[in-house]
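For the protein sequence lines, the chains are A and B, in the order given. In this text, residue positions in the first sequence follow full-length UniProt numbering: the first is 1, and each later residue adds one. In this text, residue positions in the second sequence follow full-length UniProt numbering: the first is 1, and each later residue adds one.
Among the hints, a few may not be true.
Looking from chain A toward chain B, a few residues come up when the C-beta cut is under 8 Å (computed) [what the hints assert, rightly or not]:
#, residue
1, Ile-28
2, Ala-78
3, Leu-242
4, Val-416
Here are the simulated lysine-lysine pairs, DSBU-like style, with alpha carbons at most 30 Å apart [to be verified]:
#, chain 1, residue 1, chain 2, residue 2
5, A, Lys-31, B, Lys-44
6, B, Lys-29, A, Lys-100
7, B, Lys-139, A, Lys-76
8, A, Lys-49, B, Lys-227
9, B, Lys-29, A, Lys-31
10, A, Lys-284, B, Lys-158
11, A, Lys-93, B, Lys-103
12, A, Lys-287, B, Lys-44
13, B, Lys-103, A, Lys-111
14, A, Lys-31, B, Lys-99
15, B, Lys-29, B, Lys-44
16, A, Lys-63, B, Lys-29
17, B, Lys-300, A, Lys-31
18, A, Lys-111, B, Lys-139
19, A, Lys-287, B, Lys-139
20, B, Lys-29, A, Lys-284
21, A, Lys-63, B, Lys-323
22, A, Lys-385, A, Lys-31
23, B, Lys-158, A, Lys-76
24, A, Lys-175, A, Lys-31
The set of hints was computed from the structure by calculation and includes no laboratory data. Yeah, the Cβ is synthetic: ideal placement off N, Cα and C, and Gly gets one too.
Chain by chain, the residues run as shown.
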Amino acid sequence: MKSGVVWRCLRRRSMSTSVIDWWDNVGIAPKDPILSITEAYFADSSPRKINLGVGAYRDDEGKPVVLQCVRDAQAKIAGCEFLESLSRQGSMKLVDESVKLAYGESSDVVKEGRFAGVQALSGTGACRLFAEFQRRFRPEAQIYLPAPTWSNHRNIWRDAQVPQRTFRYYNLESKILHFEALMDDVKNAPNYSFFLLHPCAHNPTGVDPTEEQWREISYQFKVKNHFPFFDMAYQGFASGDLDRDAQAIRIFLNDGHLIGCAQSFAKNMGLYGQRVGCLSILCKDAKQAISVKSQLQQIARAMYSNPPVYGALLVSTILDDPDLRNLWVKELKVMADRIIKIRAVLRKNLLELGSPLNWDHITNQVGMFCYSGLTPEQVDQLTNKFHIYMTRDGRISMAGVTTENVAYLANAIHKVTKSGKES
Amino acid sequence: MESQNPNHAISPSATTASNGDSVFANIAKAPEDPILGVTVAYNKDSSPIKLNLGVGAYRTEEGKPLVLNVVRRAEQLLVNDPSRVKEYLPITGLADFNKLSAKLIFGADSPAIQENRVATVQCLSGTGSLRVGAEFLAKHYHQNSIYIPQPTWGNHPKVFTMAGLSPKYYRYYDPETRGLNFQGLLEDLSSAPSGAIVLLHACAHNPTGVDPTVEQWEQIRQLIRSKGLLPFFDSAYQGFASGSLDADAQSVRIFVADGGECLAAQSYAKNMGLYGERVGALSIVCRTADVASRVESQLKLVIRPMYSNPPIHGASIVATILKDRDMYNEWTIELKAMADRIISMRQQLFDALRDRGTPGDWSHIIKQIGMFTFTGLNTEQVAFMTKEYHIYMTSDGRISMAGLSSRTVPHLADAIHAAVTRIV
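Please construct the entire structure, taking both the sequences and the accompanying hints into account.
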């Protein structure tokens, strides 16, 4: 009997190694178009290489920056007891401070608690939570994304199984906002549609509506009963002024819209890898806010239970301490100003090289990115001949441009475009 | 451009606060999470003798949360290193952390690791690792049934359902013996369709504390392999259960040793006390290095639309500790101290009930392993203990041994004694 059992065991063991190829169907996934640029850049050994791919800030020496206010906050919390209650408080504090930043310190919505706010995994996580929430409670809804938008937006709403459509946004010819087309699409969308809006420093184009245009968009949204969802990844980073960069949101708020908003502290506090953000949804009253928040927490619970503590503690420490907060505001302006300045230098260099093309968009566009208008082929040339890395849609991360490399960059762009052919 | 609205008045809008309602107006408040809700109720109680035996977070003899000394040391090193920046991690997380985590669970000498057959990605603790693994399976695996033990951690079915899998149950706990229903387990897994996914708690089953013996694990392995089922391990307590990291990983290692495939979700929440930092890893052991590479590339596509890349802080702490021999040793000592304290609490509670002559067989308290004890108390008894003795636990009778101390054991023993003698 025992030997029979042993034999059957051995036979089963050999059966376990016979090949059933469960993963035969698993193809190699396409590389992420943005993050794979950095991979390729690291693999390049040229001393002249420039990384204009992912939107992470660099100083004028091309170095990543840890803000002083962040270092100070780190020192302040080092050695703290990481009590669970502290982490809960840190998370709540983060949400409170985030909504004040977005909606304004004196906003009624904030004072009256008419918002459901949860800490999220940076901007991506906030968008994903909202997409899942939208799917669960408005299963018939689609999401309208601007054309173009950050490539990961499409992935996020797709994985949340929310059908997506686009609305016209960027005018390829003129390199400015295609406002009439945008308004047409807003009007022609069925009532009660969900729209994703970039409140400032549109990624990837850097083209934002003017204040007047935002007012018109807001008005039309009311006529159509559309739901505005804002993805704010660059507050303070675009103009250097936190309130000014949130202006679109404040306009919608004043018009009585009950918006949703994703916020990220990745860029404006340089906390990229900490994954700190916030999702807020405005509600009719505080009671409804409690319901909505409880549902958001449920969705998060099935994804990662709770968000990470450390980054939230850093943010809430900084925003809660007047000195640290002032320091942050100053450092933020320094970053924004450097980008604004280097845009001007790049454009000036191209003009001085005698480029036949119009480069006004370099200084007209706002935020970290310049939608250069370069074709994929021209981008490939920049990479292959000049070791300059950017995404193939021609998006340049201005944060990667420095006093030291701007001339080289301008020269390279000039070389690949001087035939005058450009899309 | 003039507005098309002939009245020039804003028509009632579903999105105005003033005259309309929110598009989410019909949303009901979600029920409290049953586990986290216990702490909420506990916090509201003003009694000085209240005891929180709800959520599974370790507490010291003094009832305080614990930050391991080695964790503090690692954090100091990180803070004091001016060269460290907070840039984005790759989608798959911190490379060092991933390699070290795989070695920790599979063993440094594991052939699967040496042959590059393991795809490991950093995730947000155990929950995040389970979710990423489950979404990967929902997208790429031919079967979407996942068999989970009855009972299991309350969040398991939600994680799997949201990921697109379909949870089914296999018998596990025997309320009669307060031990393993091994026959039932074997029968239910035998009747699972070929290829079905099976969730296994690597050690210290949550909530029961009942684990298969080494011999039983071997039988489970043979059954799973013979049926072509796909094992998915949830390892949340490595080192915390017995005090030995290797012993607590044995169940996982026998499956890897037979050359077959499996998934493993690891959490550092308990064994490194890093709860709030959300540190974990998902490993998928594949037949070949080529498959592992393709699998890793697909895991990235699951992660990117979820949160782009994982948080850096906690993983950096873990990597710092695991790669330094002294710190690693220090960790194993602190880990064993935590495990030993839990084991000691079990013994103390058992002795206290015996001393009180509390009716019933309470040996399961010392037979079960890990942070939790499935007391066998019913919901009425639990409610009684909360009301009369201010003792908070989940209504299934699960208590977190980590929440006990020598000082509070008598109070709990009194409460159990009263509940069992007065409420049947």
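Exercise. Would the stated hint for A/Ile-28 survive a check requiring a Cβ distance to chain B of less than 8 Å?
Worked result: holds, 5 Å
Problem set entry | Given pair status - B/Lys-44, A/Lys-287, alpha carbons within 30 Å | Within the cut-off at roughly 20 Å; holds.
Exercise. Quick one, are A/Lys-49 and B/Lys-227 close enough, alpha carbons at most 30 Å?
Worked result: violated, 54 Å
For this session: Would you check the hint for B/Lys-29 and A/Lys-100, treating anything up to 30 Å between C-alpha atoms as holding?
Result: Within the cut-off at roughly 25 Å; holds.
Problem set entry | B/Lys-300 paired with A/Lys-31 [C-alpha distance capped at 30 Å] | It holds: about 9 Å lies between the C-alpha atoms, which stays within 30 Å.
Exercise. Taking 30 Å as the top limit, are the C-alpha atoms of A/Lys-284 and B/Lys-158 close enough?
Worked result: Between A/Lys-284 and B/Lys-158 the Cα gap is close to 29 Å, so the pair holds against 30 Å.
Exercise. Is the hinted pair A/Lys-63 and B/Lys-29 satisfied, with a Cα-Cα distance of at most 30 Å?
Worked result: violated, 47 Å
For this session: Mind checking the alpha carbons of A/Lys-31 and B/Lys-99 for me, to see if they're no more than 30 Å apart?
Result: Between A/Lys-31 and B/Lys-99 the Cα gap is close to 22 Å, so the pair holds against 30 Å.
For this session: Would you mind confirming whether the straight-line C-alpha gap from A/Lys-31 to B/Lys-44 stays at or under 30 Å?
Result: violated, 50 Å
For this session: For the pair we were handed, A/Lys-287 and B/Lys-139, check the Cα-Cα distance against 30 Å.
Result: Status violated; Cα separation ~38 Å.
Problem set entry | Agreement of B/Lys-103 and A/Lys-111 with the hint, judged by alpha carbon distance not exceeding 30 Å | violated, 51 Å
Exercise. Does A/Lys-76 lie within 30 Å of B/Lys-158 when you go C-alpha to C-alpha?
Worked result: Distance of about 38 Å is beyond 30 Å: violated.
In summary, the structure is inconsistent with hints 3, 4, 5, 7, 8, 9, 11, 13, 16, 18, 19 and 23 from the numbered list given earlier, while agreeing with the others.
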